[in-house]
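Using the hints provided, position chain B relative to the given structure of chain A.
There are 2 protein chains.
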Amino acid sequence: MGGSEARRPKAGRPPDRQAGRAVRQAALQLMREKGYAGVSIAAIAARAGVARQTLYNRWPTKADLVLDAVFEETGRNAPALPGGAPPEGQAGLEAFLLQVLGHLQQDGDPLRALIAAAQHDPVFRDALRARFVLPRERIVTDLLIRAQARGEIAAHRDPGLLSQLVHGIFWYRLLNGQELDAALAREIAAEIFGR
Amino acid sequence: MGGSEARRPKAGRPPDRQAGRAVRQAALQLMREKGYAGVSIAAIAARAGVARQTLYNRWPTKADLVLDAVFEETGRNAPALPGGAPPEGQAGLEAFLLQVLGHLQQDGDPLRALIAAAQHDPVFRDALRARFVLPRERIVTDLLIRAQARGEIAAHRDPGLLSQLVHGIFWYRLLNGQELDAALAREIAAEIFGR
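Residue numbers (the numbering used here), protein chains in the order written: chain A, 1 to 195; chain B, 1 to 195.
Simulated from the structure, these hints should not be mistaken for laboratory data. These figures come from a predicted structure and were not determined experimentally. A few of these clues could be false.
As the list claims (entries may be wrong) - Each pair of labels, with its calculated beta carbon distance range:
#, chain 1, residue 1, chain 2, residue 2, range
1, A, G194, B, A51, 56 to 66 angstroms
2, B, R186, A, Q29, 44 to 54 angstroms
3, B, A37, A, G108, 15 to 25 angstroms
4, A, R138, B, D109, 19 to 29 angstroms
5, A, R186, B, A42, 29 to 39 angstroms
6, A, Q29, B, P86, 45 to 55 angstroms
7, A, R58, B, R186, 38 to 48 angstroms
8, A, D121, B, D142, 33 to 43 angstroms
9, A, G108, B, H156, 52 to 62 angstroms
What the hints assert, rightly or not - Which stretches of chain A does chain B cover? Using the computed rule of at least three CB atoms under 8 angstroms from a CB of chain B, they are:
#, stretch
10, 109 to 123
11, 139 to 148
What the hints assert, rightly or not - With the C-beta cut set under 7 angstroms, the calculated list includes, among others, these residues of chain B facing chain A:
#, residue
12, D68
13, Q105
14, R112
15, Q119
16, A127
17, L161
18, Q164
19, L165
20, G168
21, I169
22, W171
23, Y172
24, A183
25, R186
Just so you know, even glycine gets a beta-carbon here, dropped at the ideal spot from N, CA and C.
Chain A on its own, in the form it takes in the complex (with noise of 0.2 angstroms):
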C-alpha cells in the first residue's frame, strides 16, 4: 500500500485519517516489539510523531488503541459470498471460521499476547472482551438462532452455548500452539450441525 499512496495526492484526504494510521502502525510495531504492557500511549505518540493528546482525544485508553491497531482490518461483519448476501447455516459457520482462521494466520500472535496481557490486567480484559470478543460470540449465536428457526438445529440446543463451544476450541488451539487450518473448520461447522 506504501508506494502507490506516497505517489497520490495527498489533497481530499482527511489529515486525521493519516494520523490514525500511522499512529496504529506504531501501535503495533510496539506490541509486537515489547508485548502489552511495555507499550505506552507516550512511546506510540513519540514513534507515531503525533502528539499525544490527539491520541487522547480518540482513544480514551491504551486498551482502545491497541485493539483498534490490532483488529483494524478484520471487521465485526459475517463473510460475504460473492453474489453480496452471506452464506447461511452450516456453509456460513465454515465461512466465518475460514474468515477468523485467515485473520489468525496474520495476527494470531499478537492476539494471542493480548489474551496473555488481559490475564494481569482485567480493564484490558474487560475492553477485549467487550469489543473483540463479544462481537464475534454474538455473529456465530445469531447465525445459529437463524439456523435454529429453519428448523437445522435441534430446538433444544443452545445457540450461545454452541457458540462459545466454537470459540473455545479456536483460543484453546492457538493458545496451545496447534495448527487450525480449513479441514478443522469444516470439521467444527460439521460437528456444530451434526451432519
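Just chain B now, with coordinates in the frame of chain A:
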C-alpha cells in the same frame, strides 16, 4: 493441614517428602506474588530454605517445578463414584467437568497466569501442554471413545474434536473472566451427548 501436621511426630516421614512440600509451597507463593516470569529456581530454593541443587535434582526446569506445585493436588485421574468405579458416558463427563470446576475455583488464577506465561515462552508452553493439557484432553477423549463403542455417540463424530471443544469452552470462559459452574458442566455434557 498445617496445624495437625505440626503436631504429628516427624519420625517415619521421609525428609525429601517434607522438603518437596516446602518447595512446592514456596513455588506457589512466589507464583502468586510475582507471576511465572518473575519466579526463579534460586528464589524458590531460598524461600523454601533448601539447597538449590536439591531442586535441580528433582525438577530439571522451572517449568517442571511450577507445574508440579500448581497441579500437585489435582492428579490426572478420572473421578470415582463412591463404589470405586468411575462413572461413564454423560454422567462420567459431567463428573469430570465438576472435578475440573472444583480445581479452577481454587487454582483458576494461577492457571490463567500459567497460560499467559506460556504465550511468551515456547519451552514452558510445551511443558504445560505435555504435563497438564494433553493428559486431561486424553481423559475426555477416552471416555468419549468408550461411549461411542456403546453407541451413545454417533460413529461419525470425532472424540478428539469433541474433547477439544469441551476443554476449549472451559479455557475460553476462564480467560474471559466468566463463571464456570455446575449448570455449565451439565449443559456441556448434555450438548456433547445430544440429550
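Enumerated hints in conflict with the structure, sorted upward: When the structure is compared with the hints, numbers 5, 9, 11, 12, 13, 16, 24, 25 turn out to be violated.
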